[in-house]
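Top to bottom, those sequences are chains A and B. Heads up: the first sequence begins at 1 in UniProt numbering, then just goes up one per residue. Heads up: the second sequence begins at 1 in UniProt numbering, then just goes up one per residue.
Errors might be hidden in some of the hints.
Taking lysine-lysine pairs in the DSSO-like style, the calculated list, with each CA pair at most 27 Å apart, reads [to be verified]:
no. : chain 1 : residue 1 : chain 2 : residue 2
1   : A       : Lys366    : B       : Lys10
2   : B       : Lys249    : A       : Lys362
3   : A       : Lys257    : B       : Lys197
4   : A       : Lys366    : B       : Lys249
5   : A       : Lys363    : B       : Lys10
6   : A       : Lys363    : A       : Lys318
7   : B       : Lys271    : A       : Lys366
8   : A       : Lys363    : B       : Lys197
9   : B       : Lys82     : A       : Lys366
10  : B       : Lys271    : A       : Lys257
11  : B       : Lys369    : A       : Lys363
12  : B       : Lys10     : A       : Lys362
13  : B       : Lys271    : A       : Lys363
Chain A residues, not near chain B, derived (Cβ > 12 Å throughout) [as the list claims (entries may be wrong)]:
no. : residue
14  : Ser37
15  : Gly99
16  : Ala104
17  : Pro185
18  : Leu221
19  : Gly259
20  : Glu280
21  : Leu314
22  : Lys318
23  : Thr335
24  : Asn336
25  : Ala353
26  : Thr357
Rather than coming from a laboratory, the hints here were simulated on the basis of the structure. Values in this document were obtained by computation on a predicted structure and should not be read as measured data. We put the CB at the ideal spot given by N, CA and C, even for glycine.
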Amino acid sequence: MNDERNFEQLEKRLGVSRRDFMKFCTGVAATMGLTTSDAMAMANAVASPKARPPVIWLHGQECTGCTESLLRSEHPTIETLILDLISLDYHETLAAAAGHQVEAAKQASMKANKGKYLLVIEGATPTKDGGIYCKIGGKTMLDHVKEAAEGAAAIVSIGSCASWGGIPSSGINPTEAKGAPEILPDKTVVTIPGCPPNPYNFLSTVLHFVTFGKLPALDHLNRPKFAYGRLIHENCERRPHFDAGRFALEFGDEGHKLGYCLYKLGCKGPETYANCPAIEFGDVGGGAWPVGVGHPCFGCTEEGVGFTKAIHQLADVKTHAPPNAFPYVNDRPGTNSATPGAAALVGGVIGAAVGATAMAAKKLGKSNEAGDGDSQG
Amino acid sequence: MSEHQPVEGKILTLPFMFLGVLAAIGLYFLGVRFADGLGAVANINSGYPWGIWVVYDVVVGTALACGGYALAFVIYVFNKGKYHPLIRPAILASLFGYALGGFGAFFDMGRYWQFYNIAMPSNWNFNSVMLEVGLCVITYIFVLFIEFAPAVLERMGAKNMLRWLNKVLFFFIALGVLLPTMHQSSLGSLLIIMGAKVHPLWQSLQWQPLMALLTALTMGFSIVIFEASFAAVGFNRRPETPLLARLSKAIIALISVFLLVRVLELALNGKLGFAFAGDLAGNMFLLEMALFIFPLVVMLSRGNRDNGRLLLFAAVSLLFAGALYRFNAFLIAFNPGPGYSYFPSVPEIMVTVGIVAIEIMAYLVFVKKLPVLHSAEHA
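Just chain A, same shape as in the assembly (with noise of 0.2 Å):
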C-alpha cells in the first residue's frame, strides 16, 4: 500500500512510467547480474524519497567527459532519475548557485548529513608542491579529498583520472597527479575507470549502495566485479575472427571492412577488463562502441595501457597469444578437383541429350511435312 503511492509519487516526481521505471531498474539488475527481486528492491530504495542518498561530488584535474556522459545517458528520463535517485547537493557543473554561496552550501550539508552521504570523486588530485595546481574555493583539491572524505559513507572515483590519475598522470606527470585511492590510502574507494566510464556502471554502482547499503563485489583494484571482472577481449564480438586467425592489417584494408580483429592494428582489448562489449556505449544498440565501430579498444580503464602505450602497440594478451601460424583453412579434406575422364563424361551426357534432340528434330521434322495434309488442328 505504501509502496503503491511510493510510485505513483515517482511517476509525478520523474515524470516517467512505472513501466519505464521497472524496466531501467531490471536493467541495472541485470547489468549486475542481480535477481529480479533485486531489481524490486532497488526500486522500492528509489521510489521511498527517504533513501536518497546525499552526494558530493568533487572535480579535480579532468576534463568533466565523466559527468558529460553522465547527463547523456538516453534511457528514458535518466537525468531526471540521476538527480532524483540521489540528492546531488554539491556539483561543480550543475550547482546553480556559483562561488563562495556554493561552497557554503557544500559545508552546510557534509556537516547535516556527517557520515550518510556519498561522496563521488571526479578527476585526479595534483600532489606537487602541496597540490597548489589545482584549487577550488582558494582550497587545493588534496584538502578537498581528504576533508570530503572524513564524513563520507562511500567513496566512489568516476573515471581513470580519479581511478589511477588518467591523462594528468600520463607521461612525465609534471603535477604529480595521483588518483583518489592512493590520495586516501586508508579508505576504500570504488573506482570506475574508463574516459569516459559507461554511465550505467556507474549508476549499477550507486543504485546498489542506496539499495543494499553496500557496494558491490569488488575486485584488487576496488572495481566492482560485475563491470570490470572480464577482459574485453573475451566478450568482443570480433573475437572469433582473433581465434581464426584474420585480422585488420591497416584501416580501410579488405579485413577492416569484413569486420576483422583489431589486435594487430594496436587494439587493447586482450589486457583491458570491462564490460564495453556486453553493454556497449550511447544507448543506440548494434555494436556501437569503439571497437565495433571499427577502431581499436586503447584501454581507457587500465592503468598502464590507457595514455601510456602507444595506440598502435600490440596488446600483451592476458588470456593466450595467437600463434605465428594458423592451420590453413583451405585444406578441407575430401575435396577433388575434376578429373578428364569424369569433365569428358559430363560433356558426353550433355552431348548426347542435344545429339538426339537434334536426331528427333530431323525425323519430327519429315514425318511433320509428310503428315501436313491430316493436320488435327
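Go by the hints and put chain B onto chain A.
Relative to the frame of chain A, chain B by itself:
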C-alpha cells in the same frame, strides 16, 4: 474398349541393350557404394554434402518428372479434357522420375539404415523442410502408382477392380495435384536455409518456393512435349504437334511470370550487377537466361508453335534452363566456404546415368506391354 493400347514391337532392340550396358555399369558402382561407403564412389565432401545424386536425381529429376503434375493440373483443374491422350505416358514418366528421386535420396544417405525413421511420426521434426519433401515425395510415388494403376488393370482385364478404382480415382488425382505443389515449392525452400552459401543471383529468399514451382511446372510441360516428340519418332507414330502447340501457351505464361519475378527480384534488390560480373556465376546466369528466353521467343509465334521441330527445340532448351537453374543454385554457384570444391567423379556420374538408363528401359517395356500411349485412331 480402351483409348490406349500397347505399342507393338519386340523389347530387346539395339538401343535397349545399349541402355542395359549403362545400367549394369551404374549398378556395379552402386554395389561399390554400398560395400565400401559413399567416399569410395562419390566426390561429395563436408562443404558439398549434396552432389549430383541429390541435385540431379532428386532436385532436377523430380522436376523433370513433373509432366504428370503439369498435365493433371491442366486436365483436371482447368478441365481441358482434350489433353487426355498425353496423360498416361506422362504419369508413367513421372512415376519413374520420382522413384529415381526417392531411390537417389536413399543411396545418397550416409546412414541409409536410419531411413525407416521417416515412417515413424514420433521421430518427425515439423520444422524440417526436408521432412516435408521426404514425406511428400514418398506419398506422391504411391499416388502416381495408383494413378497409373488403370493401365495395369486394363491389361490384366480386372474389370471390377477397374470400375471400383475409377470411382475413387478422383481423390488420388486431387492428391496428385496437391502433393507436387507442396514438395516442388519446398525444394526451393531448401535454398532459403542455405542462406549466403547460395549466390545472390539465386538467393531470392521468400521467392524461392514460387520460382521452384514455376520452373517445375515449365519443365513438366516441356517434358511432355519432349516425350511425345520422342515417342512419335521412336515408335513411328503420328506426331501430336497440334496438341503440344496448344500446351506451349501454358509454357509461355509460366516462363513470362517466372522471368518477371526473377528479374524484378534481382533488380529491386540491386543484384543485377552480379549478372555481368564476368565470373562463372554471372556467365552461368546469362546462359540460363538465354535458355529461358530462347523458347519464349520461339513459342510466341504461332507458326513456330505448329512446327514440331522448333517446339522440340524450345522444350529441350527449357529443360536445360530449368535444370541449369537448379544446378546453379545448388552446385555451380554454391559457395560453402574457402577450400571446398566439387565435381562429380566418374563412378558418381555412371550411377546416375545407369539409373536414368534403367528408367528409360522400364518406360520402353511398359509402353510396349501396357496400354499407355494413346491409340492413333482415337486421336
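Each hint tested on the structure:
As the CA atoms of Lys366 of chain A and Lys10 of chain B are separated by approximately 25 Å, the hinted pair is consistent with the 27 Å bound. Using a Cα cut-off of 27 Å, the hinted pair Lys249 of chain B and Lys362 of chain A holds, with the two alpha carbons roughly 24 Å apart. For the hint pairing Lys257 of chain A with Lys197 of chain B, the CA-to-CA distance comes to about 20 Å; that is within 27 Å, so the pair holds. For the hint pairing Lys366 of chain A with Lys249 of chain B, the CA-to-CA distance comes to about 24 Å; that is within 27 Å, so the pair holds.
As the CA atoms of Lys363 of chain A and Lys10 of chain B are separated by approximately 21 Å, the hinted pair is consistent with the 27 Å bound. Simply put, Lys363 of chain A and Lys318 of chain A have alpha-carbon atoms about 79 Å apart, too far for the 27 Å limit, and the pair is violated. For the given pair, Lys271 of chain B sits about 46 Å from Lys366 of chain A by alpha-carbon distance, which is inconsistent with the 27 Å threshold. Between the alpha carbons of Lys363 of chain A and Lys197 of chain B the distance comes to roughly 44 Å, so the proposed pair goes past 27 Å and is violated.
Proximity of Lys82 of chain B to Lys366 of chain A is assessed by CA-CA distance (about 26 Å); at most 27 Å being required, the pair is judged to hold. This hinted pair checks out: Lys271 of chain B and Lys257 of chain A have alpha carbons roughly 20 Å apart, not beyond 27 Å. In summary, the hint linking Lys369 of chain B to Lys363 of chain A is supported, as the alpha carbons are separated by about 25 Å, within the 27 Å threshold. Distance restraint check for Lys10 of chain B and Lys362 of chain A: the Cα-Cα separation of roughly 25 Å lies within the 27 Å cut-off, and the hinted pair is therefore satisfied.
Distance check on the hinted pair: Lys271 of chain B and Lys363 of chain A sit about 43 Å apart at the alpha-carbon level, beyond 27 Å; violated. Here Ser37 of chain A stays apart from chain B, with its beta-carbon at least about 36 Å from theirs, past the 12 Å limit. The claim that Gly99 of chain A lies off the interface holds: its Cβ sits roughly 62 Å from the closest Cβ of chain B, which is beyond the 12 Å cut-off. Remark: the non-interface label on Ala104 of chain A is consistent with the geometry, its nearest Cβ contact in chain B lying 67 Å away (cut-off 12 Å).
Chain B leaves Pro185 of chain A outside its interface by the beta-carbon criterion, the shortest separation being 56 Å against a cut-off of 12 Å. With a minimum CB-CB distance of about 43 Å to chain B, Leu221 of chain A clears the 12 Å threshold, and the non-interface call stands. Its beta-carbon lying about 14 Å from the closest one in chain B, Gly259 of chain A satisfies the requirement of being farther than 12 Å from that chain. Annotated as non-interface, Glu280 of chain A keeps its C-beta farther than 12 Å from every C-beta of chain B; the closest such distance is 25 Å.
No beta-carbon of chain B is positioned within 12 Å of the beta-carbon of Leu314 of chain A; the least distance is around 27 Å. Interface exclusion of Lys318 of chain A from chain B stands, the closest Cβ pair being 30 Å apart, more than 12 Å. With a least CB separation of 5 Å from chain B, Thr335 of chain A falls inside the 12 Å interface cut-off, contrary to its annotation. At the 12 Å boundary, the C-beta of Asn336 of chain A falls inside the reach of chain B, the nearest C-beta of that chain being 5 Å off.
At roughly 7 Å, the least C-beta separation between Ala353 of chain A and chain B is not larger than 12 Å, which violates its mark as non-interface. Non-interface status of Thr357 of chain A relative to chain B is broken: a Cβ of that chain comes within 12 Å, the nearest being about 5 Å off.
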